[in-house]
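With these hints in hand, go ahead and build the complete structure from the sequences.
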Amino acid sequence: MSGIVWALLGAASAVILAGMGSAYGVGVAGQAAAGVVTEDPSKFAKVLIMQLLPGTQGIYGLLVAFIALSKVGLLGGGAADLTLETGLLIFVACLPIALVGLVSAIHQGRTSVASIGIVAKKPEQFGKAMLFPAMVETYAILALLISILAVSSIQV
Amino acid sequence: MADKKYTYAVARIRSLEVSLFNQAVIEQLLACRDENQCLQFLAERGWGDADTPMNADAILTREREKTWALMESLVDDMSVFDVLTYANLFHNLKAAIKETATEEKNPNIFFNDCAIDGKTMLEILANKDYGRLPENMRQVAQEAYETFLHTRDGQLCDIMIDRATLEAIYEAGKKAKDDIIRQYAESTVAVADIKIAVRSQKTAKSMEFMRKAMAECDTLNIELLIHAALSGMDAVMDYLAGTKYAAGAEALAESPSAFERWCDNQIIETIRPQLTNPFTIGPLVAYVLARENEIKTVRIILTGKRSNLPEEAIRERVREMYV
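If you're matching them up, the sequences are chains B and X in order.
Be aware that the first sequence starts at 940, since it is given in our numbering, and climbs by one per residue.
Be aware that the second sequence starts at 2, since it is given in our numbering, and climbs by one per residue.
Hints should not be assumed to be uniformly reliable.
[Said to hold, decoys possible] Derived pair list, reagent style SDA-like, types lysine to any residue, alpha-carbon separation capped at 25 angstroms:
{"no.": "1", "chain 1": "B", "residue 1": "K1061", "chain 2": "X", "residue 2": "L17"}
{"no.": "2", "chain 1": "B", "residue 1": "K1060", "chain 2": "X", "residue 2": "A70"}
{"no.": "3", "chain 1": "B", "residue 1": "K1061", "chain 2": "X", "residue 2": "T271"}
{"no.": "4", "chain 1": "B", "residue 1": "K982", "chain 2": "X", "residue 2": "T271"}
{"no.": "5", "chain 1": "B", "residue 1": "K1061", "chain 2": "X", "residue 2": "F280"}
In case anyone wonders, no lab produced these hints; they're calculated from the structure.
Here you go:
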């Protein structure tokens, strides 16, 4: 495979895996949110925020994919002639957000479900409840940082 | 990912748990002057419906119906709750055997919210069509019916069916995939065995009687319990002190009603961890049991108020609440 294929595979992985994680996380948290709103519609805004928390990994994946695509010139219409080594470097640089995005979004979704349970019973504890899923975000951000730094520093 | 099947349902249950009666609400109910004031208080808290007559039975029946209607809307396969209705189902068998054999007619002796209602149970017994019963009921139904016909010994018939009930619950627990059902089954059978031992000791029943009445479980050694019951109440307490039911020994030392309350509280203790479980069917099963406990507690208070019992006497019988 030529370098450009590997680079594209890296960008696609970042979007696909992180997006899958977020879809699951937002989905499972959405089910819990719907359960709470069925009984108490006044909690809609609070549980909606909880539901959205696992959605960020998908956005991070998209961001890294944009940077990678722009780096190899695919966004501008003229793809660079990449060596296999450079293509592989871009692929590996996309892996942190792809893999950590997938796993962290799943776990963040589950934590959001548990925190939605707190909001259901003690809405005044919303701030504390939101911190639990937000903690999981740390690791997605770390992965995002490394992916961005790595992709940006590769010489094309 | 199978445990995420109930995410929506558990979240709804979490919201509904807020409206379960806690100890403070029970205190308010206890503070009511009489039964009418209690019923008024319950109506204000949303118990019953607009068209429900203002009497205890109608309101409590309506509340049970509401719980089961909610579960039906949340769970596709209601068979997971079967184990909770075994006691009512086997009660229907007992009542039907006696009504069929004695040809007496008594109103309101059946539970209709279980797999086989009273009318069907009477038909099955009248036609001796035992094949229509669940497999774990067939043999005991036939044996208990024939025993009652020949001996007219209602207690013997009850013991046979009660033991079959416990065995059915234990079996269902063993087969269950969900921890909550396993724990419920174990706790129910163990508490029933302890109750049998205590009552048998008080009424000086024989070893043979206790062996017929008790069912096997994992957390108690039936033989040791029977021997303890034969030796005296202190021996029963000593035996219980060495098991996970040590608090039962303390309750037994306190008073008979404290012991009865401990027995009921055991189930609540078993299900309490479900309050923090965000997935699986556990919180749903726990909610049904909590509602049953709540309705039972309210029934105790209403009956106490109706009989003009002093508040302290009622309080002693009031069960621990889930929330």
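Please write out, lowest number first, the hints stated earlier that are contradicted by the structure. 4
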